[in-house]
Amino acid sequence: MPVPRITQFGYRRHPDQDRTAADAARHPVVVVGAGPVGLTLAIDLAQRGHPVVVLDDADRIGEGSRAICFSKRSLELWDRLGVGERMVEKGVVWKVGKIFLKDDLLYQFDLLPEDGHKMPAFINLQQYYAEAFLVDRIGELPQVDLRWRNKVIGLEQRNDHVVLTIETPDGRYHLKAGYVVACDGARSALRGFVGAEFSGEVFEDQFLIADVKMTAEFPTERWFWFDPPFHAGQSALLHRQPDDVWRIDLQLGPDADPAVERLPQNVRPRIERMLGHGKFDFEWISIYKFQCRRMQRFVHERVIFAGDSAHQVSPFGARGANSGLEDAENVAWKLSMILRGAAPTVLLDSYDIERSAAADENIRASTRSTDFIAPHSQQERRMRQMVLRLAKETEFAKRMVNGGRLSTPSVYDSPLSTPDNDTWLAGPRPGAQMIDAPLMSATGEPVHLTDVRKAFDGFVLLQVMNGANTDISACQSIRIGDAAPLRDPSGLFAKRYDASEGAAYLLRPDGYVAARFRMPTDAGVKAAIARASAMTETSGATP
Amino acid sequence: MTLSTTSNFADPDAAYRLVVEAHRGLSDEDSAALDTALVLILANHIGDAEVLREAIALAKRQLVVTGGKMDSTRDAK
Chain A
1 MPVPRITQFG
11 YRRHPDQDRT
21 AADAARHPVV
31 VVGAGPVGLT
41 LAIDLAQRGH
51 PVVVLDDADR
61 IGEGSRAICF
71 SKRSLELWDR
81 LGVGERMVEK
91 GVVWKVGKIF
101 LKDDLLYQFD
111 LLPEDGHKMP
121 AFINLQQYYA
131 EAFLVDRIGE
141 LPQVDLRWRN
151 KVIGLEQRND
161 HVVLTIETPD
171 GRYHLKAGYV
181 VACDGARSAL
191 RGFVGAEFSG
201 EVFEDQFLIA
211 DVKMTAEFPT
221 ERWFWFDPPF
231 HAGQSALLHR
241 QPDDVWRIDL
251 QLGPDADPAV
261 ERLPQNVRPR
271 IERMLGHGKF
281 DFEWISIYKF
291 QCRRMQRFVH
301 ERVIFAGDSA
311 HQVSPFGARG
321 ANSGLEDAEN
331 VAWKLSMILR
341 GAAPTVLLDS
351 YDIERSAAAD
361 ENIRASTRST
371 DFIAPHSQQE
381 RRMRQMVLRL
391 AKETEFAKRM
401 VNGGRLSTPS
411 VYDSPLSTPD
421 NDTWLAGPRP
431 GAQMIDAPLM
441 SATGEPVHLT
451 DVRKAFDGFV
461 LLQVMNGANT
471 DISACQSIRI
481 GDAAPLRDPS
491 GLFAKRYDAS
501 EGAAYLLRPD
511 GYVAARFRMP
521 TDAGVKAAIA
531 RASAMTETSG
541 ATP
Chain B
544 MTLSTTSNFA
554 DPDAAYRLVV
564 EAHRGLSDED
574 SAALDTALVL
584 ILANHIGDAE
594 VLREAIALAK
604 RQLVVTGGKM
614 DSTRDAK
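As given, the protein sequences belong to chains A and B, one line each in that order.
Counting along the first sequence from 1, when you hit position 290 you're at 290 in the working numbering, and nothing is skipped either side.
The working numbering runs 543 ahead of the 1-based position in the second sequence.
Errors might be hidden in some of the hints.
[What the hints assert, rightly or not] In silico lysine-lysine, BS3-like type, Cα no more than 27 Å apart, as pairs:
{"hint": "1", "chain 1": "A", "residue 1": "K392", "chain 2": "A", "residue 2": "K98"}
{"hint": "2", "chain 1": "A", "residue 1": "K118", "chain 2": "A", "residue 2": "K151"}
{"hint": "3", "chain 1": "A", "residue 1": "K398", "chain 2": "B", "residue 2": "K603"}
{"hint": "4", "chain 1": "A", "residue 1": "K95", "chain 2": "A", "residue 2": "K454"}
{"hint": "5", "chain 1": "A", "residue 1": "K118", "chain 2": "A", "residue 2": "K95"}
{"hint": "6", "chain 1": "A", "residue 1": "K279", "chain 2": "A", "residue 2": "K98"}
{"hint": "7", "chain 1": "A", "residue 1": "K454", "chain 2": "A", "residue 2": "K151"}
{"hint": "8", "chain 1": "A", "residue 1": "K279", "chain 2": "B", "residue 2": "K603"}
{"hint": "9", "chain 1": "A", "residue 1": "K102", "chain 2": "B", "residue 2": "K603"}
What the hints contain is simulated information worked out from the structure, not anything from laboratory work.
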């Protein structure tokens, strides 16, 4: 079995390790776990000017493909962090999914039917590439101190810091951290150190996940089968990755023996039946039982949980890595404001509120998909089979066929949002992510709105000129209009934002809408920024 | 009025889930009884014999697909 691409990193002794426990070095933020979430968070914090220590117990990346689907939202975040274009260039861009029952196409969906977005709906990219590109980017950021083979084996919360005990090949040492962000995955050790539970639902059905290398003529689409001729009575998924690697996911049922099923000599005939030939090599084989579970609270004093350490979902819907990246982006700007003294620590409550709701939504969607794919009882199976049968001739049943509902960014009902006072017919509401649109610079260069926005670290006001109040000093502005630095020749910006003359959207540092105004005033914008920074009573309150 | 087969729910997954959860923990016999009750209740709510007739015809066509016999164990394990 050929080994997938592995990048090996060296352990290096750090001067912090020479210090005694009493004189341990203090760092404002320590991120534990150098997976996609931890690395992304470290880059975001570094770009906001903060030094970050990243600790990881391993010294290499590349154990299997694991996550493969990265959403538009994740790509927009990575684009702001300087790695989005590289990810897209290497990744396989796709937007069409097809669902089959036996040999028949039941329906297909298009995840990004409209033009004018810089980033595609999804790319498929092996997690080891994503991690390698993030590590490369960290190499350009002196603020990030990435320490391999540094395993956290103890954690103590103090009044104004956390003490970490770390094991290395040279023995143990201690660090003090203003904040610790635990991005150490589904089996998080830090979750145990804070004594938190991780509860939820375990699904009985087992799934075989194999990455195979082959040249094939399948289109670049997500194909999902119920009861395919090559794998009777079960489900199957086929998805393309770069380098002629294909992700194959076969349902095995609850009674399969994982030790037997994962043997290449047993996997091979299954895949041969699917592909109709044996001209492929295995890159990775694993057997999974899926779980949907979450921590009750994502913030434990000065230890913040992000990604799989905080919540876990089944893979149907690409909600694991993508929601972890959304966590990272959500916590980065909040921690940054707190560390700069620009916001009170209570701003972190909104991380828990916003990302808990997102986790619940992801768990709900993932549970529904998994239940549809692997029914629990005779009755559920009957109902599922009937939906599949009815889907051939009715639209309502087609809409109930669930082979995974793909990740879209959550809309937050957040204490940070200022509720609308005006009437809007379209556009992202407060708590929703900004929408990309094609624009033109004053010199006639095409540019995307997300590209313009990424130059701003803080709050920014997206303002439609021609009648706008230009006396707003509360924050920086992006101005769009016939005589403004940016034009909207296609009219798509105006359409997507229901942008009447003078209208304005206040964007948070993570690109979510904090407030919107038909005719903004300086005082109104100031108040909305204060609210979104937890500087007012309403925004800091726990629900 | 004719039978509507376009999707009428804003969130079809939630509707599917509601029915699935109603059956959780029931014996097969109880499940059949629940379904029967649901059919009668929903038929009365619709209150239109012509629509009911069309719905029955559509449902019966699903049985013809498998030769008149519902084959629900086909995909078990």
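Comparing the hints with the structure gives:
{"no.": "1", "hint": "A:K392 <-> A:K98", "result": "holds (14 Å)"}
{"no.": "2", "hint": "A:K118 <-> A:K151", "result": "violated (39 Å)"}
{"no.": "3", "hint": "A:K398 <-> B:K603", "result": "holds (18 Å)"}
{"no.": "4", "hint": "A:K95 <-> A:K454", "result": "holds (24 Å)"}
{"no.": "5", "hint": "A:K118 <-> A:K95", "result": "holds (14 Å)"}
{"no.": "6", "hint": "A:K279 <-> A:K98", "result": "holds (24 Å)"}
{"no.": "7", "hint": "A:K454 <-> A:K151", "result": "violated (34 Å)"}
{"no.": "8", "hint": "A:K279 <-> B:K603", "result": "violated (45 Å)"}
{"no.": "9", "hint": "A:K102 <-> B:K603", "result": "holds (21 Å)"}
Violated hints, listed in ascending order, are 2, 7, 8; each of the other numbered hints is respected by the structure.
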